[in-house]
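> Sequence:
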Amino acid sequence: MNWDSVKRDFKRYLQLERNLSENSIDAYLNDVQKLEAYCSFKRVSLESVDTRFLQQFLMFVNEYHISPFTQARLLSGLKTFFSFLQLEYERKDHPAQLLESPRLSRKMPSVLNIQEIDALIAAIDLSTPEGTRNKAILEMLYGCGLRVSELVQLKLSNLFLDVEFIKVEGKGNKERLIPIGEQAIKYLKIYLDEIRRQMPIQIGNEDIVFLNRRGKQLTRVMIFLIIKDLARKIGLNKSISPHTFRHSFASHLVEGGADLRAVQDMLGHESITTTEIYTHVDRDYLQSIITQYHPRS
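Quick note: to get my numbering, add 4 to the position in the sequence shown (first position is 1).
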(Lines of atoms letter the chains of each structure in order from A and count residues from 1; the text may use other names and numbers.)
(Lines give C-alpha, C1' and ligand atoms only; values in the text may rest on other atoms or scores of the structure.)
Protein backbone atom coordinates (compact mmCIF):
# COMPACT_ATOMS: atom_id res chain seq x y z
CA MET A 1 0.00 0.00 0.00
CA ASN A 2 1.19 3.47 -0.87
CA TRP A 3 1.00 5.91 2.06
CA ASP A 4 -0.01 8.91 -0.07
CA SER A 5 -2.93 7.14 -1.74
CA VAL A 6 -4.04 5.58 1.56
CA LYS A 7 -4.03 8.99 3.30
CA ARG A 8 -5.93 10.53 0.39
CA ASP A 9 -8.58 7.80 0.56
CA PHE A 10 -8.72 8.05 4.36
CA LYS A 11 -9.35 11.79 4.14
CA ARG A 12 -12.17 11.22 1.64
CA TYR A 13 -13.63 8.56 3.96
CA LEU A 14 -13.60 10.97 6.92
CA GLN A 15 -15.24 13.69 4.83
CA LEU A 16 -17.93 11.64 3.09
CA GLU A 17 -18.57 8.60 5.29
CA ARG A 18 -17.93 10.08 8.74
CA ASN A 19 -18.96 13.65 7.89
CA LEU A 20 -16.30 15.11 10.22
CA SER A 21 -15.27 18.75 10.51
CA GLU A 22 -12.04 19.98 8.90
CA ASN A 23 -10.39 20.31 12.33
CA SER A 24 -11.21 16.67 13.21
CA ILE A 25 -10.00 15.47 9.80
CA ASP A 26 -6.71 17.33 10.26
CA ALA A 27 -6.27 15.70 13.69
CA TYR A 28 -6.85 12.19 12.29
CA LEU A 29 -4.46 12.76 9.39
CA ASN A 30 -1.85 14.12 11.78
CA ASP A 31 -2.09 10.86 13.78
CA VAL A 32 -1.58 8.81 10.62
CA GLN A 33 1.39 10.95 9.59
CA LYS A 34 3.04 10.27 12.96
CA LEU A 35 2.64 6.54 12.36
CA GLU A 36 3.95 6.91 8.80
CA ALA A 37 7.06 8.71 10.06
CA TYR A 38 7.70 5.98 12.67
CA CYS A 39 7.24 3.23 10.06
CA SER A 40 9.73 5.00 7.80
CA PHE A 41 12.19 5.32 10.69
CA LYS A 42 11.86 1.60 11.51
CA ARG A 43 11.65 0.60 7.82
CA VAL A 44 8.39 -1.23 8.35
CA SER A 45 5.65 -1.29 5.71
CA LEU A 46 2.05 -0.44 6.56
CA GLU A 47 1.04 -4.03 5.74
CA SER A 48 3.51 -5.32 8.36
CA VAL A 49 2.25 -3.15 11.23
CA ASP A 50 0.95 -5.38 14.03
CA THR A 51 -0.19 -4.84 17.62
CA ARG A 52 3.31 -5.17 19.05
CA PHE A 53 4.65 -2.58 16.60
CA LEU A 54 1.85 -0.16 17.57
CA GLN A 55 2.70 -0.68 21.25
CA GLN A 56 6.31 0.24 20.48
CA PHE A 57 5.11 3.30 18.55
CA LEU A 58 2.96 4.47 21.46
CA MET A 59 5.84 3.94 23.91
CA PHE A 60 8.06 6.01 21.59
CA VAL A 61 5.47 8.82 21.47
CA ASN A 62 5.06 8.66 25.25
CA GLU A 63 8.77 9.46 25.70
CA TYR A 64 7.90 13.02 24.65
CA HIS A 65 5.74 13.32 27.80
CA ILE A 66 2.48 13.98 25.99
CA SER A 67 -0.64 14.13 28.14
CA PRO A 68 -2.94 11.11 28.66
CA PHE A 69 -5.65 12.98 26.74
CA THR A 70 -3.35 13.36 23.72
CA GLN A 71 -2.35 9.70 23.95
CA ALA A 72 -6.00 8.63 24.07
CA ARG A 73 -6.86 10.81 21.09
CA LEU A 74 -3.91 9.42 19.12
CA LEU A 75 -5.00 5.85 19.83
CA SER A 76 -8.57 6.68 18.85
CA GLY A 77 -7.27 8.06 15.55
CA LEU A 78 -5.27 4.89 14.88
CA LYS A 79 -8.27 2.69 15.64
CA THR A 80 -10.35 4.66 13.15
CA PHE A 81 -7.55 4.37 10.57
CA PHE A 82 -7.24 0.59 10.83
CA SER A 83 -11.03 0.19 10.78
CA PHE A 84 -10.92 2.15 7.52
CA LEU A 85 -8.20 -0.17 6.15
CA GLN A 86 -10.36 -3.19 6.98
CA LEU A 87 -13.35 -1.60 5.27
CA GLU A 88 -11.74 -0.10 2.17
CA TYR A 89 -8.51 -2.07 1.70
CA GLU A 90 -9.81 -5.45 2.95
CA ARG A 91 -7.16 -5.69 5.64
CA LYS A 92 -7.86 -8.86 7.63
CA ASP A 93 -6.58 -7.87 11.09
CA HIS A 94 -7.05 -4.78 13.29
CA PRO A 95 -3.78 -4.30 15.22
CA ALA A 96 -5.09 -1.36 17.28
CA GLN A 97 -8.31 -3.03 18.43
CA LEU A 98 -6.99 -4.57 21.65
CA LEU A 99 -4.85 -1.60 22.71
CA GLU A 100 -6.17 0.16 25.81
CA SER A 101 -6.40 3.91 26.20
CA PRO A 102 -4.77 5.52 29.26
CA ARG A 103 -7.12 6.05 32.17
CA LEU A 104 -8.33 9.64 32.07
CA SER A 105 -9.40 11.80 34.96
CA ARG A 106 -12.20 14.22 34.17
CA LYS A 107 -10.73 17.70 34.03
CA MET A 108 -12.89 20.50 35.38
CA PRO A 109 -13.24 23.31 32.85
CA SER A 110 -12.06 26.79 33.75
CA VAL A 111 -14.99 29.19 34.15
CA LEU A 112 -15.39 32.91 34.73
CA ASN A 113 -17.76 34.45 37.26
CA ILE A 114 -20.21 37.13 36.18
CA GLN A 115 -18.03 39.93 37.57
CA GLU A 116 -15.04 38.75 35.51
CA ILE A 117 -17.13 38.55 32.35
CA ASP A 118 -18.50 42.04 32.98
CA ALA A 119 -14.97 43.35 33.55
CA LEU A 120 -13.70 41.83 30.28
CA ILE A 121 -16.57 43.33 28.29
CA ALA A 122 -16.17 46.71 30.04
CA ALA A 123 -12.49 46.79 28.97
CA ILE A 124 -13.44 46.92 25.28
CA ASP A 125 -12.74 50.26 23.60
CA LEU A 126 -16.11 51.14 22.04
CA SER A 127 -14.71 54.22 20.29
CA THR A 128 -13.43 52.02 17.44
CA PRO A 129 -15.36 49.89 14.91
CA GLU A 130 -13.40 46.83 16.06
CA GLY A 131 -14.45 47.52 19.66
CA THR A 132 -18.13 47.55 18.72
CA ARG A 133 -17.64 44.28 16.85
CA ASN A 134 -15.69 42.72 19.72
CA LYS A 135 -18.43 43.57 22.22
CA ALA A 136 -20.95 41.77 20.02
CA ILE A 137 -18.54 38.81 19.77
CA LEU A 138 -18.16 38.43 23.55
CA GLU A 139 -21.89 38.84 24.12
CA MET A 140 -22.50 36.06 21.58
CA LEU A 141 -19.86 33.74 23.05
CA TYR A 142 -21.24 34.10 26.56
CA GLY A 143 -24.92 34.56 25.66
CA CYS A 144 -25.17 31.56 23.30
CA GLY A 145 -22.35 29.23 24.42
CA LEU A 146 -20.88 29.03 20.92
CA ARG A 147 -17.72 27.20 19.95
CA VAL A 148 -15.19 29.55 18.38
CA SER A 149 -15.56 27.74 15.03
CA GLU A 150 -19.34 28.25 15.20
CA LEU A 151 -18.86 31.95 15.93
CA VAL A 152 -16.49 32.69 13.02
CA GLN A 153 -18.71 30.72 10.61
CA LEU A 154 -21.98 32.29 11.80
CA LYS A 155 -24.12 33.43 8.84
CA LEU A 156 -26.48 36.38 8.46
CA SER A 157 -29.00 34.01 6.87
CA ASN A 158 -29.02 31.97 10.09
CA LEU A 159 -29.96 34.89 12.35
CA PHE A 160 -33.63 34.93 13.40
CA LEU A 161 -33.46 37.84 15.80
CA ASP A 162 -37.18 38.65 15.56
CA VAL A 163 -37.93 35.32 17.30
CA GLU A 164 -34.68 35.42 19.35
CA PHE A 165 -32.99 32.36 17.83
CA ILE A 166 -29.88 31.67 15.78
CA LYS A 167 -28.94 28.57 13.81
CA VAL A 168 -25.37 27.31 13.98
CA GLU A 169 -23.46 24.53 12.23
CA GLY A 170 -21.66 22.49 14.87
CA LYS A 171 -19.38 19.48 14.79
CA GLY A 172 -20.00 17.13 11.88
CA ASN A 173 -21.99 19.89 10.14
CA LYS A 174 -24.90 19.25 12.50
CA GLU A 175 -27.25 22.21 12.76
CA ARG A 176 -28.96 23.34 15.95
CA LEU A 177 -31.12 26.25 17.07
CA ILE A 178 -29.95 28.32 20.05
CA PRO A 179 -31.97 31.01 21.84
CA ILE A 180 -30.26 34.40 21.97
CA GLY A 181 -30.82 36.85 24.82
CA GLU A 182 -31.63 40.56 24.78
CA GLN A 183 -28.06 41.75 25.52
CA ALA A 184 -26.55 39.72 22.71
CA ILE A 185 -29.27 40.85 20.28
CA LYS A 186 -28.78 44.49 21.26
CA TYR A 187 -25.04 44.60 20.61
CA LEU A 188 -25.22 42.33 17.59
CA LYS A 189 -27.71 44.73 15.97
CA ILE A 190 -25.52 47.72 16.79
CA TYR A 191 -22.57 46.01 15.09
CA LEU A 192 -24.62 44.97 12.05
CA ASP A 193 -26.31 48.37 11.58
CA GLU A 194 -23.47 50.75 12.44
CA ILE A 195 -20.29 48.88 11.50
CA ARG A 196 -20.80 45.93 9.17
CA ARG A 197 -23.20 47.77 6.86
CA GLN A 198 -20.48 50.36 6.09
CA MET A 199 -17.74 47.81 5.34
CA PRO A 200 -16.37 46.88 1.92
CA ILE A 201 -17.11 43.13 1.99
CA GLN A 202 -14.92 40.77 -0.02
CA ILE A 203 -16.43 38.22 -2.41
CA GLY A 204 -17.43 35.03 -0.64
CA ASN A 205 -17.93 36.73 2.72
CA GLU A 206 -21.29 38.39 2.04
CA ASP A 207 -23.18 36.06 4.41
CA ILE A 208 -20.57 35.95 7.20
CA VAL A 209 -21.54 37.89 10.34
CA PHE A 210 -18.18 38.80 11.90
CA LEU A 211 -15.60 40.32 9.57
CA ASN A 212 -12.18 41.93 9.92
CA ARG A 213 -11.46 45.49 8.75
CA ARG A 214 -10.74 44.19 5.23
CA GLY A 215 -14.17 42.59 4.95
CA LYS A 216 -13.04 38.97 5.38
CA GLN A 217 -14.14 36.31 7.84
CA LEU A 218 -12.35 36.46 11.19
CA THR A 219 -10.03 33.58 12.05
CA ARG A 220 -10.16 31.48 15.21
CA VAL A 221 -6.72 32.84 16.15
CA MET A 222 -8.02 36.42 15.98
CA ILE A 223 -10.76 35.61 18.51
CA PHE A 224 -8.15 34.12 20.85
CA LEU A 225 -6.01 37.25 20.55
CA ILE A 226 -8.94 39.58 21.27
CA ILE A 227 -9.75 37.70 24.49
CA LYS A 228 -6.12 37.40 25.62
CA ASP A 229 -5.66 41.14 25.14
CA LEU A 230 -8.74 41.95 27.23
CA ALA A 231 -7.60 39.59 29.99
CA ARG A 232 -4.24 41.36 30.05
CA LYS A 233 -5.95 44.77 30.26
CA ILE A 234 -7.90 43.89 33.40
CA GLY A 235 -5.07 41.88 34.98
CA LEU A 236 -7.02 38.61 34.93
CA ASN A 237 -4.68 35.88 36.12
CA LYS A 238 -6.59 33.00 34.57
CA SER A 239 -5.73 31.07 31.43
CA ILE A 240 -8.76 31.82 29.28
CA SER A 241 -9.84 31.24 25.68
CA PRO A 242 -13.06 31.59 23.67
CA HIS A 243 -14.07 28.19 25.04
CA THR A 244 -13.98 29.63 28.57
CA PHE A 245 -17.07 31.69 27.70
CA ARG A 246 -18.81 28.51 26.52
CA HIS A 247 -17.93 26.77 29.79
CA SER A 248 -19.13 29.81 31.76
CA PHE A 249 -22.40 29.90 29.80
CA ALA A 250 -23.13 26.27 30.66
CA SER A 251 -21.92 26.48 34.25
CA HIS A 252 -24.04 29.55 35.03
CA LEU A 253 -27.11 27.90 33.52
CA VAL A 254 -26.61 24.77 35.65
CA GLU A 255 -25.95 26.87 38.76
CA GLY A 256 -29.22 28.69 38.08
CA GLY A 257 -31.16 25.42 37.95
CA ALA A 258 -31.44 24.89 34.17
CA ASP A 259 -32.46 21.43 32.95
CA LEU A 260 -29.37 19.44 31.93
CA ARG A 261 -31.03 18.15 28.75
CA ALA A 262 -31.79 21.71 27.64
CA VAL A 263 -28.16 22.71 28.27
CA GLN A 264 -27.04 19.65 26.28
CA ASP A 265 -29.19 20.71 23.31
CA MET A 266 -27.91 24.29 23.41
CA LEU A 267 -24.26 23.17 23.57
CA GLY A 268 -24.74 20.57 20.85
CA HIS A 269 -23.32 17.70 22.91
CA GLU A 270 -24.05 14.25 21.48
CA SER A 271 -23.86 12.63 24.92
CA ILE A 272 -25.40 13.86 28.18
CA THR A 273 -22.25 12.65 29.98
CA THR A 274 -20.29 15.47 28.32
CA THR A 275 -22.76 18.01 29.69
CA GLU A 276 -22.73 16.42 33.15
CA ILE A 277 -19.27 17.84 33.79
CA TYR A 278 -20.99 21.14 34.60
CA THR A 279 -22.82 19.52 37.50
CA HIS A 280 -19.36 18.84 38.96
CA VAL A 281 -18.45 22.49 38.46
CA ASP A 282 -21.67 23.41 40.28
CA ARG A 283 -20.77 21.11 43.20
CA ASP A 284 -17.31 22.67 43.40
CA TYR A 285 -18.96 26.08 43.57
CA LEU A 286 -21.28 24.96 46.36
CA GLN A 287 -18.36 23.41 48.25
CA SER A 288 -16.45 26.70 48.03
CA ILE A 289 -19.47 28.54 49.46
CA ILE A 290 -19.57 26.21 52.46
CA THR A 291 -15.82 26.51 52.98
CA GLN A 292 -16.01 30.29 52.84
CA TYR A 293 -19.11 30.99 54.92
CA HIS A 294 -19.95 28.04 57.20
CA PRO A 295 -18.76 28.58 60.80
CA ARG A 296 -17.62 24.94 61.17
CA SER A 297 -15.54 24.92 57.97
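Hints listed in this document are in silico derivations from the structure and should not be mistaken for laboratory results. No experiment lies behind these values; they were computed from the predicted model shown. We put the beta carbon where it would ideally sit given N, CA and C, even for glycine. Mixed in with the good hints there might be a few duds.
What the hints assert, rightly or not - Below 27 angstroms or equal to it, Euclidean Cα-Cα: the simulated DSS-like pairs (lysine-lysine) are:
(1) Lys-11 to Lys-232
(2) Lys-83 to Lys-46
(3) Lys-232 to Lys-193
(4) Lys-232 to Lys-220
Stated by the list, open to error - Pair ranges (Cβ atoms, derived):
(5) Lys-232 to Asp-263: 30 to 38 angstroms
(6) Asn-23 to Ile-194: 13 to 21 angstroms
(7) Gln-75 to Gly-239: 18 to 26 angstroms
(8) Asp-263 to Asp-233: 29 to 37 angstroms
> None of the hints should be skipped; say for each whether it holds.
Evaluation of the provided hints:
no., hint, verdict
1, Lys-11 to Lys-232, "violated (36 angstroms)"
2, Lys-83 to Lys-46, "holds (21 angstroms)"
3, Lys-232 to Lys-193, "holds (25 angstroms)"
4, Lys-232 to Lys-220, "holds (21 angstroms)"
5, Lys-232 to Asp-263: 30 to 38 angstroms, "holds (34 angstroms)"
6, Asn-23 to Ile-194: 13 to 21 angstroms, "violated (36 angstroms)"
7, Gln-75 to Gly-239: 18 to 26 angstroms, "violated (36 angstroms)"
8, Asp-263 to Asp-233: 29 to 37 angstroms, "holds (36 angstroms)"
Taken one by one, the earlier hints fail for this structure at numbers 1, 6, 7, listed in ascending order.
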